[in-house]
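K.L.:
As a plain string of letters, each chain reads:
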Amino acid sequence: MRSSGGSSSMMRILFAVSDMAPYDIAMRFYTEYLTFKTTQLREYINITPQVEEVLRKSQMQEGMILVSAMHITAGVWVNDAEDGLIAGIDEWLDKLAPFRREYRHHRTGETNGDAHLKSLLVHHEVIVPVTKGKLDFGPWQQVYYAEFDGRRSKRVIIKAMGE
Amino acid sequence: MRSSGGSSSMMRILFAVSDMAPYDIAMRFYTEYLTFKTTQLREYINITPQVEEVLRKSQMQEGMILVSAMHITAGVWVNDAEDGLIAGIDEWLDKLAPFRREYRHHRTGETNGDAHLKSLLVHHEVIVPVTKGKLDFGPWQQVYYAEFDGRRSKRVIIKAMGE
Amino acid sequence: MRSSGGSSSMMRILFAVSDMAPYDIAMRFYTEYLTFKTTQLREYINITPQVEEVLRKSQMQEGMILVSAMHITAGVWVNDAEDGLIAGIDEWLDKLAPFRREYRHHRTGETNGDAHLKSLLVHHEVIVPVTKGKLDFGPWQQVYYAEFDGRRSKRVIIKAMGE
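Chains as they are written, first to last, in numbering that gives the first Met the number 0: chain A, 0 to 162; chain B, 0 to 162; chain C, 0 to 162.
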């Protein structure tokens, strides 16, 4: 995206300025979308490799990456990649925000009221810091997509912003 | 905010540079505050139009908008604009974080301990991605202000950061 | 970090441009890490002074500061600095996400399953807006580090991004 020239680069910024659109000089934005269609109603998917891939493509050294579910019955969190823990989280969420036939939301014909509550509980997005070209994570941090109402096409946006 | 001229624009950046304050060239920041005074103790308000208005004024094409409650007894979330769901969320929050006379916080004379817990549960802020000049939302995503201790003046900050 | 000169500053940006690395002109990034080793298993620490210190060092006027736990058994929240409230939050978290011997995660030999759930409940990070060189907080907002599995070394990243 960037040229390595000397004077030609200088020309480039002057040209950009005269255009009033010198954006790519200082900041980089890079956006990708993931699409999921899970086979289970509830499913938890480690998407850290996808976030790292976005970082690689963005060529960003410093900044932040937003990972945000685009649906209101899904979540995104950062936690451990340990199967027993994931199973425990699923049980716990289903206890705090259980399926109930009588949710008012179900009068619309929907049956996924619990999925909305589970999404609120874990939140639908995280910000991942980027330092020196790496996801600046602690030793066990992994990004998960949490599907609470699956078996249909759902999307996540990954947007990198930095330089 | 930006002029459309050629050489005059170039002059402008050179001047900015000599000032060491060439901020508006690359990045835009735009901040607004909303003030609420609800009639109910708990109330849920769709503020997506206000977030879109901030985006419009910022003239931002790429970036992120932070929407953050400035009080510790309120929340901000992204979910569906369906009245039955909102009523269900209210009931659910009041079950998980109910009013209790005996909260230790109430020894200070306050009576809103439950409002603090509800705020922690749903979180007090969200980041909305902006792509190609639009809020980059899925089909049903709406930004809500959640008042848990109303009938007095409360504020939300909306800060756009991008270009 | 910035010089106050006129033409020498202009030279600086031109040089930067020819280098294709004019980053510090428009955007500032500043990152620090806090390390905690609590004496209690669960402990809640007001880290607002540390966040303000990072802001001061960053010399940022406009932007956002990410405060994010780097461990999966800790949280970061914004709420009131009132001891009774903190004690109430601790009791409430322990009710919604209690210690249970039988968590599946414990089959790995771990005993901190509840700490993972508490972390998910309160979230592991916040974004603090910065306006006119100040943390743009309401009257009672304070940043807390919440340790749910302490007595060992844990880290928090504070990353400022703005100008």
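Keep in mind the hints are simulated off the structure, nothing from the lab.
The reader is advised that the hints may include incorrect statements.
Said to hold, decoys possible - Derived Cβ-Cβ restraints for the label pairs, each shown as a range: (1) B:G83 <-> A:Y32: 27 to 35 Å; (2) B:R55 <-> A:R100: 20 to 28 Å; (3) A:T107 <-> C:G132: 26 to 34 Å; (4) C:P138 <-> B:D93: 20 to 28 Å; (5) C:G132 <-> A:T110: 49 to 57 Å; (6) C:E101 <-> A:Y32: 36 to 44 Å.
The beta-carbon is built from N, C-alpha and C at its ideal position, and this holds for glycine as well.
K.L.:
Could you run down the list of hints and mark each one as holding or not?
P.N.:
Outcome of the hint check:
1. B:G83 <-> A:Y32: 27 to 35 Å: holds, 30 Å
2. B:R55 <-> A:R100: 20 to 28 Å: Since the Cβ atoms of R55 (chain B) and R100 (chain A) sit about 42 Å apart, the hinted range of 20 to 28 Å is violated.
3. A:T107 <-> C:G132: 26 to 34 Å: Violated, since T107 (chain A) and G132 (chain C) (Cβ atoms, about 48 Å apart) do not stay within the stated range.
4. C:P138 <-> B:D93: 20 to 28 Å: Holds - the Cβ-Cβ distance for P138 (chain C) and D93 (chain B), about 26 Å, lies within 20 to 28 Å.
5. C:G132 <-> A:T110: 49 to 57 Å: holds, 50 Å
6. C:E101 <-> A:Y32: 36 to 44 Å: Given a distance of about 39 Å, which is inside 36 to 44 Å, the answer is holds.
Consistency with the previously given hints fails for numbers 2 and 3, ordered from lowest to highest.
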